[in-house]
Amino acid sequence: MNDRATSNIPTRIPNFRGLRVLILHPHDHNCNAIVEQLGRLGASANICWPAERVLADAADIVFFDVDRGFEGMFGWPTGKAPVPLIAILGSEAPGRIEWMLAQAPSAYLAKPIGSTGVFSALAIATHNFASHSAREAAYQRLEERLQMRGVLLRATIELMRRHNIDEETALSMLRAESMRRRATLETVGCWVLEGGWLRANTGPPLTACRKTERRAGSG
Amino acid sequence: MVAYIGTASIPLGVVFSLSGSYRTVGQEMANGALLALSEVNESPAFDFQFRPIIYDAGGDAAAYRTRCEEILRDRTVRHIVGCYTSSSRKEVIPVIEKFDALLWYPSHYEGFESSRNVIYTGAAPNQHIVPLLRYTLRHYGTHVYCLGSNYIWAWENNRILREIVREVGGKVLAEKYHPVGSTDIGHFIREIRALRPDFIFNTLIGESAYAFYRAYTAAGADDPAIGPARIPVASCSLSEPELISIGPEAAAGHIASSVYFQTIDRAENRRFVARYRERFGETKVTSADAEASYIAVIMLAQAIRASGSSDIEAVKAALGHCMLEAPQGPVWIDPENNHSYLTPALGCSRADGQFDILWTAGAPVKPDPYLVWLDAETVADQRPRQRANLKVVR
Numbered sequence: 729m730n731d732r733a734t735s736n737i738p739t740r741i742p743n744f745r746g747l748r749v750l751i752l753h754p755h756d757h758n759c760n761a762i763v764e765q766l767g768r769l770g771a772s773a774n775i776c777w778p779a780e781r782v783l784a785d786a787a788d789i790v791f792f793d794v795d796r797g798f799e800g801m802f803g804w805p806t807g808k809a810p811v812p813l814i815a816i817l818g819s820e821a822p823g824r825i826e827w828m829l830a831q832a833p834s835a836y837l838a839k840p841i842g843s844t845g846v847f848s849a850l851a852i853a854t855h856n857f858a859s860h861s862a863r864e865a866a867y868q869r870l871e872e873r874l875q876m877r878g879v880l881l882r883a884t885i886e887l888m889r890r891h892n893i894d895e896e897t898a899l900s901m902l903r904a905e906s907m908r909r910r911a912t913l914e915t916v917g918c919w920v921l922e923g924g925w926l927r928a929n930t931g932p933p934l935t936a937c938r939k940t941e942r943r944a945g946s947g
Numbered sequence: 145m146v147a148y149i150g151t152a153s154i155p156l157g158v159v160f161s162l163s164g165s166y167r168t169v170g171q172e173m174a175n176g177a178l179l180a181l182s183e184v185n186e187s188p189a190f191d192f193q194f195r196p197i198i199y200d201a202g203g204d205a206a207a208y209r210t211r212c213e214e215i216l217r218d219r220t221v222r223h224i225v226g227c228y229t230s231s232s233r234k235e236v237i238p239v240i241e242k243f244d245a246l247l248w249y250p251s252h253y254e255g256f257e258s259s260r261n262v263i264y265t266g267a268a269p270n271q272h273i274v275p276l277l278r279y280t281l282r283h284y285g286t287h288v289y290c291l292g293s294n295y296i297w298a299w300e301n302n303r304i305l306r307e308i309v310r311e312v313g314g315k316v317l318a319e320k321y322h323p324v325g326s327t328d329i330g331h332f333i334r335e336i337r338a339l340r341p342d343f344i345f346n347t348l349i350g351e352s353a354y355a356f357y358r359a360y361t362a363a364g365a366d367d368p369a370i371g372p373a374r375i376p377v378a379s380c381s382l383s384e385p386e387l388i389s390i391g392p393e394a395a396a397g398h399i400a401s402s403v404y405f406q407t408i409d410r411a412e413n414r415r416f417v418a419r420y421r422e423r424f425g426e427t428k429v430t431s432a433d434a435e436a437s438y439i440a441v442i443m444l445a446q447a448i449r450a451s452g453s454s455d456i457e458a459v460k461a462a463l464g465h466c467m468l469e470a471p472q473g474p475v476w477i478d479p480e481n482n483h484s485y486l487t488p489a490l491g492c493s494r495a496d497g498q499f500d501i502l503w504t505a506g507a508p509v510k511p512d513p514y515l516v517w518l519d520a521e522t523v524a525d526q527r528p529r530q531r532a533n534l535k536v537v538r
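Going down the list, the protein sequences come from chains A and B. Heads up, the first sequence is in our numbering, so the first residue is 729 and it goes up one at a time. Heads up, the second sequence is in our numbering, so the first residue is 145 and it goes up one at a time.
Some hints could be false.
Capping the alpha-carbon separation at 30 Å, the derived lysine-lysine pairs in DSSO-like fashion look like this [said to hold, decoys possible]: (1) K428(B) - K839(A); (2) K242(B) - K428(B); (3) K315(B) - K460(B); (4) K460(B) - K242(B); (5) K242(B) - K808(A); (6) K315(B) - K839(A); (7) K428(B) - K460(B); (8) K839(A) - K808(A); (9) K242(B) - K510(B).
Hint data in this document are derived by calculation from the structure and do not stem from the laboratory.
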């Protein structure tokens, strides 16, 4: 017997009603098969060929032909598509695969296009694009903070020197201010180095710092 | 193009499981197809004859593929009516597409498919599970116990149910799967007694389902808190021949969603039932599966007559203009997805193996195999928590 955990409910049934799809592929039976399937899914298709420096302003998702794809097909930096890409792959020549991978597609569809594949390609592409975007954003945040670690260190030393306090007290001050402003420690560090507190002439809330020392959130 | 000249013989593949674990349904489907085939052959309205090529796939998905390949290798065959389970259909489709033939698939199924080489004459999910839930969530409540055979039909129907139940603020109390064919179901009865759902959604098939209906009805006789009269069992596949297999003691009080019931009161249906009995025996009952096969063959004949060709593109083009007054009501094919406009209905089973009709859509409903137009939150816009007694509306 098999019991499914009902608490662990998956996401919604994929529904592509109203989805605006841009297809970068010559008008042929493969293209028609995709358009036909999109119609059944309630999505609208716009075919563009030949394609050069194409933008995705009016599209939620882009299908593109790998067999005839070239540098300059897309109007965005290579691999930085603003919407999910689905590669339509015929040739398996290594050069074509290499070019396709450089575009960082979120899903693939093999030619010849039959009656299946478009629905799952859309589902896979939207899922992969969303999780990739979320990972990318988290990575960006970490990267920024990593770069700001030096700033934080310098701000701590600056406060220690300025107020003749120890390292822990200085960090507590920064933490309390970061909580109060709902900003990162690094942002507060920047502000201190730029002359904050001194310039504002308000003086550091040292007592408040000491009280919140243990409760303050981490960096 | 495979054209024909008057009085031509057009070969038609008929591939069902006449033996094996789901032979009851397979035989019903073959019967429906063969009945339609003789009607066409005997009717002066058609100036051609169907020549059936019948194969038994024996319930083996791979056998469907090899049988269809054998049939299609003779390039004169362009049409096959057949398949029941989704796994058999998935095996056959690549072969059908390779030979660019047409498969007439006469079974309700879980949807999310639309092949240009298949005509679907059974119900799509918006024509079976959605109306069933619209009724049960409103009339019984939103706490559901799901029980099914461990394969795609049950998984995907429960997937749709989970989404709808969540959207209306209900709860799936449990989702249980059981091996196909296993009849060891005592622990489910104990669990239902403990959980007290508002209704049970049953996607068990074959012997497992029959064993469950018997055990559940017996449990209800001992404990008035459960049983079909208190917590009904709802299904998208229960049919008349199955009620006979379940037996009169446990056949009553179950809710079924189907586009066809033998009790549908229409001249076309009365004729269908009479001819079915005449041909296959007075004790025989009709079913949605038999009707869908019957519709497939008649629609094919109509399209061949209209286009003057058995070529599949010509047939598909002609289908766009064909409408059949079928036993269930008017039926036609949606050229957008090759599925059928069918009339959903709900029945409550009786001890005599027939259904009282509880509700009918009243008109054919456009097929939506991908549930593109489903707005889950509207399925139960009234949410009564009190239990209703089963009422017959006609």
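Results of checking the hints against the structure:
1. Only pairs whose Cα atoms come within 30 Å are accepted, and K428(B) paired with K839(A) is rejected, the gap being roughly 48 Å.
2. Straight-line distance between C-alpha atoms of K242(B) and K428(B) comes to about 38 Å, which puts the hinted pair past the 30 Å bound.
3. This hinted pair does not check out: K315(B) and K460(B) have alpha carbons roughly 43 Å apart, beyond 30 Å.
4. Distance hint between K460(B) and K242(B) is fulfilled; the C-alpha atoms sit about 17 Å from each other, no more than 30 Å.
5. Only pairs whose Cα atoms come within 30 Å are accepted, and K242(B) paired with K808(A) is rejected, the gap being roughly 38 Å.
6. Between the alpha carbons of K315(B) and K839(A) the distance comes to roughly 43 Å, so the proposed pair goes past 30 Å and is violated.
7. Pair hint K428(B) plus K460(B) does not hold up; C-alpha atoms about 33 Å apart against a cutoff of 30 Å.
8. A distance of roughly 25 Å separates the Cα atoms of K839(A) and K808(A); the hinted pair therefore holds under the 30 Å criterion.
9. At most 30 Å may separate the alpha-carbon atoms for a hinted pair to count; K242(B) and K510(B) meet this at roughly 29 Å.
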